[in-house]
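Q: Chains A and B, in that order, are what the protein sequence lines are.
Taking my numbering, the leading residue of the first sequence gets 1, the next gets one more, and so forth.
Taking my numbering, the leading residue of the second sequence gets 1, the next gets one more, and so forth.
The set of hints was computed from the structure by calculation and includes no laboratory data.
The beta carbon of each residue, even a glycine, is placed where N, CA and C say it ideally should be.
Among the clues, some could well be false.
[What the hints assert, rightly or not] Partial pick of chain B residues on the chain A-facing surface, computed with a CB cut under 7 Å:
id : residue
1  : 33
2  : 38
3  : 39
4  : 52
5  : 75
6  : 77
7  : 81
8  : 85
9  : 88
10 : 103
11 : 104
12 : 108
[What the hints assert, rightly or not] Beta-carbon label-pair distances, calculated as ranges:
id : chain 1 : residue 1 : chain 2 : residue 2 : range
13 : A       : 16        : B       : 24        : 37 to 45 Å
14 : B       : 80        : A       : 5         : 42 to 50 Å
15 : B       : 30        : A       : 59        : 17 to 25 Å
16 : B       : 111       : A       : 95        : 22 to 30 Å
17 : A       : 100       : B       : 78        : 24 to 32 Å
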Amino acid sequence: ETGVTQSPTHLIKTRGQQVTLRCSSQSGHNTVSWYQQALGQGPQFIFQYYREEENGRGNFPPRFSGLQFPNYSSELNVNALELDDSALYLCASSLELAGTGELFFGEGSRLTVL
Amino acid sequence: GQQLNQSPQSMFIQEGEDVSMNCTSSSIFNTWLWYKQDPGEGPVLLIALYKAGELTSNGRLTAQFGITRKDSFLNISASIPSDVGIYFCAGQFASNYQLIWGAGTKLIIKP
């Protein structure tokens, strides 16, 4: 067990709605990355937060936004949900920007958009 | 989004057999990593490789960082039932810290 916790584990939304996903990072980790994993695919990088600032973003539109709090926990917000947003959303924490590539993942939040 | 070319897509093997999977990219990576994902879980790091040509073992697992820095392979020797799962390769550029992932190799052990 990595110590990274995500909530909720499952949720169902309808098109156009908004969703907030939450992540508590492993103790001592100051970097949180968010990934989207579609069924049967590898994870796709959404963005990374380091010491409360966004530090890199993948090819995702602005309706995907995030926050990191002083205790290094994080939120992922998605506005105007689309059917293609249905996926497993993974949060990963790491030390100092994950320069080694070693990420500690939570179990994910499975989002279904109807 | 960008993904690595990982093969095979799935493997059906007998317990005790050796397993081999690989990953290729059109880009040069600074780091290659292999993760395993079990159902309902997030990926877990198995092996990290930081130098071209590097060969690293973790128990029955062995992985190599290709000399061209555009490929990597993972071998599992004498497979056991708990090896079942999806194995992902991931590459990391020197210039930023995001990981680029393959689509995964699903390992199934025949009864």
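Q: Now tell me, hint by hint, if it's right for this structure.
A: Tested hints:
| no. | hint | verdict |
| --- | --- | --- |
| 1 | 33 | holds (5 Å) |
| 2 | 38 | violated (10 Å) |
| 3 | 39 | violated (10 Å) |
| 4 | 52 | violated (15 Å) |
| 5 | 75 | violated (20 Å) |
| 6 | 77 | violated (24 Å) |
| 7 | 81 | violated (21 Å) |
| 8 | 85 | violated (14 Å) |
| 9 | 88 | holds (5 Å) |
| 10 | 103 | holds (5 Å) |
| 11 | 104 | holds (6 Å) |
| 12 | 108 | violated (15 Å) |
| 13 | 16(A) x 24(B): 37 to 45 Å | holds (40 Å) |
| 14 | 80(B) x 5(A): 42 to 50 Å | violated (29 Å) |
| 15 | 30(B) x 59(A): 17 to 25 Å | holds (20 Å) |
| 16 | 111(B) x 95(A): 22 to 30 Å | violated (41 Å) |
| 17 | 100(A) x 78(B): 24 to 32 Å | holds (29 Å) |
In this structure, the hints that do not hold are numbers 2, 3, 4, 5, 6, 7, 8, 12, 14, 16, in rising order.
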